[in-house]
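Participant: Model the full structure from these sequences, guided by the hints.
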Amino acid sequence: MKVYKISREGLDKWIKHWTESYDVFGPVEKNENGMTDWAEVKGLDEISTAPGTTKQPIKTFYLPQPETLFTFTSRGGEPDSDVLKETLDEGRPRVLFGVRPCDARSVTLNGLAYEEDPYYMANVERTLLVGVSCREQCGTCFCRWVGGSPFGTEGLDILLIETEQNFVAEALTDRGVSLVEAGGGAREASGEDLAMVESMRQEAEQAMSAMPDTAETLRSKDLMSMYNADFWGGLSESCINCGACTFLCPTCYCFDIQDEVVRKKGRRIRYWDSCMFPLFTQHASGHNPRGQKVQRVRNRFMHKLKYFPDRFGPVSCVGCGRCIRECPVNIDIREVLRDLLGVE
Amino acid sequence: MAESKKEQINNPYMPFPARIEDIIVETEDGNLKTFRLMLERPEDRENWSHVPGQFAMLSLAGRGEIPIGIASSPTEKDGLLFTVNKAGVVTGALHSMEVGASVGVRGPLGNGFPVDSELKGKNIVIIAGGFAFTTLRATLLYMLANRRDYGRITVIYGARTPGMLLYRKELEEWQKRDDVEMHVTIDRETQGWTGLVGFVPTVAGQVAPSPENAVALICGPPVMIKFTMPPLEKIGWTDEQVYLSLENRMKCGIGICGHCNCGPVYVCKDGPVFTRAEVMKLPVEF
Numbered sequence: 001m002k003v004y005k006i007s008r009e010g011l012d013k014w015i016k017h018w019t020e021s022y023d024v025f026g027p028v029e030k031n032e033n034g035m036t037d038w039a040e041v042k043g044l045d046e047i048s049t050a051p052g053t054t055k056q057p058i059k060t061f062y063l064p065q066p067e068t069l070f071t072f073t074s075r076g077g078e079p080d081s082d083v084l085k086e087t088l089d090e091g092r093p094r095v096l097f098g099v100r101p102c103d104a105r106s107v108t109l110n111g112l113a114y115e116e117d118p119y120y121m122a123n124v125e126r127t128l129l130v131g132v133s134c135r136e137q138c139g140t141c142f143c144r145w146v147g148g149s150p151f152g153t154e155g156l157d158i159l160l161i162e163t164e165q166n167f168v169a170e171a172l173t174d175r176g177v178s179l180v181e182a183g184g185g186a187r188e189a190s191g192e193d194l195a196m197v198e199s200m201r202q203e204a205e206q207a208m209s210a211m212p213d214t215a216e217t218l219r220s221k222d223l224m225s226m227y228n229a230d231f232w233g234g235l236s237e238s239c240i241n242c243g244a245c246t247f248l249c250p251t252c253y254c255f256d257i258q259d260e261v262v263r264k265k266g267r268r269i270r271y272w273d274s275c276m277f278p279l280f281t282q283h284a285s286g287h288n289p290r291g292q293k294v295q296r297v298r299n300r301f302m303h304k305l306k307y308f309p310d311r312f313g314p315v316s317c318v319g320c321g322r323c324i325r326e327c328p329v330n331i332d333i334r335e336v337l338r339d340l341l342g343v344e
Numbered sequence: 001m002a003e004s005k006k007e008q009i010n011n012p013y014m015p016f017p018a019r020i021e022d023i024i025v026e027t028e029d030g031n032l033k034t035f036r037l038m039l040e041r042p043e044d045r046e047n048w049s050h051v052p053g054q055f056a057m058l059s060l061a062g063r064g065e066i067p068i069g070i071a072s073s074p075t076e077k078d079g080l081l082f083t084v085n086k087a088g089v090v091t092g093a094l095h096s097m098e099v100g101a102s103v104g105v106r107g108p109l110g111n112g113f114p115v116d117s118e119l120k121g122k123n124i125v126i127i128a129g130g131f132a133f134t135t136l137r138a139t140l141l142y143m144l145a146n147r148r149d150y151g152r153i154t155v156i157y158g159a160r161t162p163g164m165l166l167y168r169k170e171l172e173e174w175q176k177r178d179d180v181e182m183h184v185t186i187d188r189e190t191q192g193w194t195g196l197v198g199f200v201p202t203v204a205g206q207v208a209p210s211p212e213n214a215v216a217l218i219c220g221p222p223v224m225i226k227f228t229m230p231p232l233e234k235i236g237w238t239d240e241q242v243y244l245s246l247e248n249r250m251k252c253g254i255g256i257c258g259h260c261n262c263g264p265v266y267v268c269k270d271g272p273v274f275t276r277a278e279v280m281k282l283p284v285e286f
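Chains as they are written, first to last, in my numbering: chain A, 1 to 344; chain B, 1 to 286.
Read the hints as simulated data drawn from the structure, not as lab findings. Beta carbons are placed, not taken as given, at the ideal position from N, Cα and C, and that holds for glycine. The reader is advised that the hints may include incorrect statements.
With a cut-off of at most 25 Å between alpha-carbon atoms, the simulated BS3-like pairs for lysine-lysine come out as follows [said to hold, decoys possible]:
(1) A:42 to A:30
(2) B:281 to A:221
(3) A:2 to A:16
(4) B:122 to B:86
(5) B:234 to B:122
(6) A:221 to B:269
(7) B:86 to B:120
(8) B:33 to B:120
(9) A:293 to B:281
A partial selection of chain A residues facing chain B, derived with a Cβ cut-off under 8 Å [to be verified]:
(10) 113
(11) 202
(12) 203
(13) 271
Anything over 12 Å on all C-beta distances counts as not near chain A; from chain B, calculated [to be verified]:
(14) 65
(15) 118
(16) 235
(17) 263
(18) 270
Facilitator: Shown next as structure tokens:
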């Protein structure tokens, strides 16, 4: 890891230099509530520095909505009609600037499930993440409960930490180092800078309530006793199965595959799907293994907090709090975690 | 050529091109047809290798994909068989297709029956109801082709009417053999039917196959499986000896898309074959 110091003006130059070889995206203030969302940017002044996360998670860059898997022509009779053509395309590389550590972690976590998926991996390959550490905790976020940190580096190529006058840039990967070099104008950070960053890191982590070993504790619990816990019924009662939680969740990665044909031009696409919807599991016969709402609500949490950790290790949640922020009936995953872990 | 092979390995969503070589209408209601498919490329045919009990995604460009059990045994060399019930968009389109039409095959997927490990040296009891006989046909043919690897083979197969039985010609051939014990039954008496009459669970109780050094492979509607277990348990069968094949809605077939999970397992990747003991530890989400 290499650590640099860069001024605000220097960062602006970085972005301008990067746009020569990359598409650069950043959180931009977009709507009336001051909520930010991802958009292409040409300079630092376009980027919002408001605390917290963007409305949409960065999975939009890794699991585009929709994503074309194959194309085909549907003419009938001709030799190449209905033959699927692969659309895997590396495309122009891009930099996501201003990613929060929680969102960056989601790329790594989803990657555990998508290891053999060439489309996802191509997007990982072409997307560089420049993160920015969190100075304050939002009302709904809880990264420290699920193995993350406001200064977390997992999934990032560069982590930026805003200091009194400047930024400290930790280049975490080779790709990060080449980004810094392409940006130019950075000085190596001094021992003083490093000490300051370290004390900021400690201060930020201590300010947030932590839950140690959440994943380990959940893995050690009996699956069926969690499944049969008595709170699922009450929890699911208010749920309206709108699916907002799953669509805005950075680590909800389920998808559907459909074919569409318009004027004889066909494509096989995949797009986000949600285990909140009854159709998600319905058989062609009409039989539905998760026909009841309580089964679907339970599945969402059990997948994140038990099935995924049992299979891959970590909890499939980064604590960004979007599902809490956007849930129309105030279902709160932190309450589920407390219930499952048996803590107050 | 080498390039296209690389693509196949790298992209698990890319189906192998195949052609319909033959279509057999299996049942009197016309709702079940068996499609014999031939992979187009010689290298795909060479590389193809499956285990009885595995499935594949059948792909129709413009319609989509469906998971269907492979009805042919790997010991049969004349293409791949899929017996398809007409139920939705893709199966409906497939049923309207003719010999020579192009389709895609993505697979083989899933685990299959452990025919070369746990099942070897055992007495085998195959119990099937309705159109769930497809991968069990594959299994039976595989065992008959490797007959010395298994002990007694007993088949209990039932359908509503004689006309709803799958693979009728083969059933008759198997009934003539002395190395497999066939019990084919229909639900109600019908003119011209001289075989067994009664539901599969009842017949299973009458045949009462010994659990001694035996395994049972049961595929059928959930209600059939539910009522077949008590008569077997009564004579000493345990859940560890019983293999089931689960079905759930699937999209990717490789354990990513999330549709087919039954609690912690993905039916597509961890299954579809599980012992009943394993199934009993899962949430009932199938």
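Participant: Hint by hint, note whether the structure agrees.
Facilitator: Here's how the hints hold up against the structure:
The hinted pair formed by residue 42 of chain A and residue 30 of chain A meets the criterion: a straight-line CA distance of about 16 Å does not exceed 25 Å. Restraint check for residue 281 of chain B and residue 221 of chain A: the C-alpha separation of about 15 Å stays at or below 25 Å, so the hint holds. Proximity of residue 2 of chain A to residue 16 of chain A is assessed by CA-CA distance (about 22 Å); at most 25 Å being required, the pair is judged to hold. As the CA atoms of residue 122 of chain B and residue 86 of chain B are separated by approximately 36 Å, the hinted pair breaks the 25 Å bound.
For the hint pairing residue 234 of chain B with residue 122 of chain B, the CA-to-CA distance comes to about 20 Å; that is within 25 Å, so the pair holds. Our distance criterion of 25 Å between C-alpha atoms is met by residue 221 of chain A and residue 269 of chain B, whose separation comes to about 24 Å. A threshold of 25 Å between alpha carbons decides the hint, and for residue 86 of chain B with residue 120 of chain B the separation of about 35 Å lies outside it, so the pair is violated. Restraint check for residue 33 of chain B and residue 120 of chain B: the C-alpha separation of about 31 Å exceeds 25 Å, so the hint is violated.
A distance of roughly 22 Å separates the Cα atoms of residue 293 of chain A and residue 281 of chain B; the hinted pair therefore holds under the 25 Å criterion. Checking residue 113 of chain A against chain B: minimum C-beta separation of about 6 Å stays under 8 Å; hint holds. Annotation: interface hint on residue 202 of chain A violated; nearest CB of chain B at approximately 37 Å, more than 8 Å. The interface hint given for residue 203 of chain A is broken, as the beta carbon of that residue sits about 39 Å from the closest beta carbon of chain B, more than 8 Å.
Because the closest C-beta pair between residue 271 of chain A and chain B is about 11 Å apart, greater than 8 Å, the hint is violated. Annotated as non-interface, residue 65 of chain B brings its C-beta within 12 Å of a C-beta of chain A; the closest such distance is 7 Å. Residue-level check passed: residue 118 of chain B sits 24 Å from the nearest beta carbon of chain A, beyond 12 Å. The beta carbon of residue 235 of chain B sits about 29 Å from the closest Cβ of chain A, which is more than 12 Å, so the claim that it is off the interface holds.
With a cut of 12 Å on Cβ distances, residue 263 of chain B falls inside the contact zone with chain A, its closest approach being about 7 Å. Residue-level check failed: residue 270 of chain B sits 10 Å from the nearest beta carbon of chain A, not beyond 12 Å.
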